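Q: Here are the chains, one letter per residue:
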Amino acid sequence: MNKQNQTPSRPKLSLGPLLYYWSRDDVFKFYESIADSAVDIVYLGETVCSKRRLLKPDSWLQIAGLLKEAGKEVVLSTLTLLEANSELSALRKICSNEDYMVEANDMTAVQLMSGKQSFVTGPAVNIYNSRTLEVLARSGLKRWVLPVELSKETLTDMHQNRPMGVETEVFAFGRLPLAYSARCFTARAHNLPKDDCQYRCLDYADGLMLKTREDESFLVLNGIQTQSSKTQNLIHEIEELIDLEIDVLRISPQSRNTMQVIDIFDKTLRGKISSDEAEKSLQRYIMSGECDGYWHGQAGMDSANVDQPITNKQQGCT
Amino acid sequence: MELVCPAGNLPSLKAAVDNGANAVYMGFKDDTNARHFAGLNFDDKRAQEGIRYARDRGVKVFVAINTYPQPSGWERWQRSVDHAADLGVDALILADIGVMDYACHRWPDLRLHLSVQGSATNAEAINFYHQNFGIKRVVLPRVLSLKQVKQVAESSPVPIEVFGFGSLCVMVEGRCILSSYVTGRSPNTFGACSPANAVSWNETPDGLETRLNNILIDRHAEGESAGYPTLCKGRFNVSGNTYYAIEEPTSLNTLELLPELQSVGVAAIKIEGRQRSPAYVAQVTKVWRDAIDLCTKNPEGYQAQADWMEALAKVSEGSQTTLGAYHRPWQ
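Which chain is which? The protein sequence lines are A and B, in order.
Heads up: the first sequence runs through residues 1 to 318, numbered per our numbering.
Heads up: the second sequence runs through residues 1 to 331, numbered per our numbering.
Here are a few chain A residues that face chain B, going by a calculated C-beta distance under 8 Å:
(1) 130
(2) 189
(3) 212
(4) 218
In silico DSSO-like cross-links for lysine-lysine, where the CA-CA straight-line distance does not exceed 30 Å:
(5) B/147 to A/56
(6) B/150 to A/93
(7) A/51 to B/150
(8) A/93 to B/136
Worth flagging that the hints you see were computed from the coordinates, not collected in a lab.
Keep in mind that this is a model prediction, so the values were computed, not measured.
The beta carbon of each residue, even a glycine, is placed where N, CA and C say it ideally should be.
Extracted from the complex, chain A is given alone in its bound form (with noise of 0.2 Å):
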């Protein structure tokens, strides 16, 4: 898009969906409070297991009523592996809703809205290049999280060719979603069964920590998908990402202090605090360290921002 007399606007906030298994309890606390947040838009729904069924689709669709009255733009988040029929048949009627944008984790939601209506591509649908882009904006695509392995030079070459109103979204803050597989590490590492795991993910509020044999907190086990332990955050490439045009940022929950960080991401964006002291505010409510390097076009783990005091234990990691 051709925006080159205007200044860039600001980005909108997003909530990604809740990659974890909480209590429903938990879950519709959780979503109370974001109701008030500074948020945008919210992502809602199951992504990762259909075994998690605390939530039945009817309670998440009274959470996304709640949201909506609140103002918040809701998007309903679909499951990124899908292996059984009732999965697929779940999946049919969240495309099929009337009242919700719908995020397609995966081709199969993609081919259910082809055509039919827009919708939004979460960061495991693999856009990795304008041609992509084009053949999906064609589909009915409206909004795409970028890929989270991709740089801000693969961004800023697909903004060359972006179909015109195609919004750009970037995961900035939270655990990455790295990898999914058939089979359940959390179940495993209960030696359990996926087929009887117990639910143990409802143990675990932030997965379960993985380290290496020298104790170094590495990755993190979340059901049947991997994540990084650190805590990818963008803030300090707020300048830039709103010069890149990007429409939304998306801040992915955790079990504590997700409040606290929309709020400083919030502040930053309206210019209240700087990005220094936004960084500074965000040290305490960040897990077991940071990392930017996708972002450098680096190992995703790095952090090119290595100055700041991240292994300080007395800003505790929660």
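Once you have looked at the hints, place chain B on chain A.
A: What follows is chain B alone, placed relative to chain A:
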């Protein structure tokens, strides 16, 4: 059922052809394919020679261009598609939507297969690639149970190919970026997982340590065999226990399931291992040729023979095999 075998180089291609492959698959010497390893793959001259060798013996040649180009590298992928088309190969194995869109417009008569890296696990996902790009076959991800494979085979608009044997990615292919998280390079972007330039081996008082970009992947006591430090196959610590937290080094072997794969309508069996030796390719191709022939003649009387299993176990990673996701409890 068609037997599709890996050709990492010309000697492997010949080994596959000589031992009964119906088709071989290869890649070019760059990051456009998912086995971008030093010393592997085909330049123009070798590709021509290989194609001639296969053709003369009635064997098809597929070219894998199954990684995901970014704008800065786009032309390389485009060139690879053109190159393969010029060579007159029988099919391209593609993963990226943009590359597929290019290939089907530029070379409308060229046959396209959806790579395992495309991660299509059901008929709707396959429909997308079929309707938009006219793909003629889909390689299914190694995540589905036999029952699920059957459901896909019944509802898919195109024939399906499944993995029969070889190293096992425990993660969904095309949707795992653990490697770039640690090294900056992933199968999607670079065509290799846990790339060799990031690997180090260090003898220490605690044992032989294998590291990937300085992250400790495993430590091997004396007498323990130390495999390549593919990062999901290391030993890690979870809740105080040290174990293969993600996956043990093991190979997929579905020889026992052959009659069932045949009866659910699988069109082709793929053997993994373009990075393996010509001896591996010869051995595995021979066993699978015999097995498919026997199964085709007499599916009811078919049984995986002990000497086949033994021969395959010898060339398996970690010297153990699994039925993988086809066997529900693994999932």
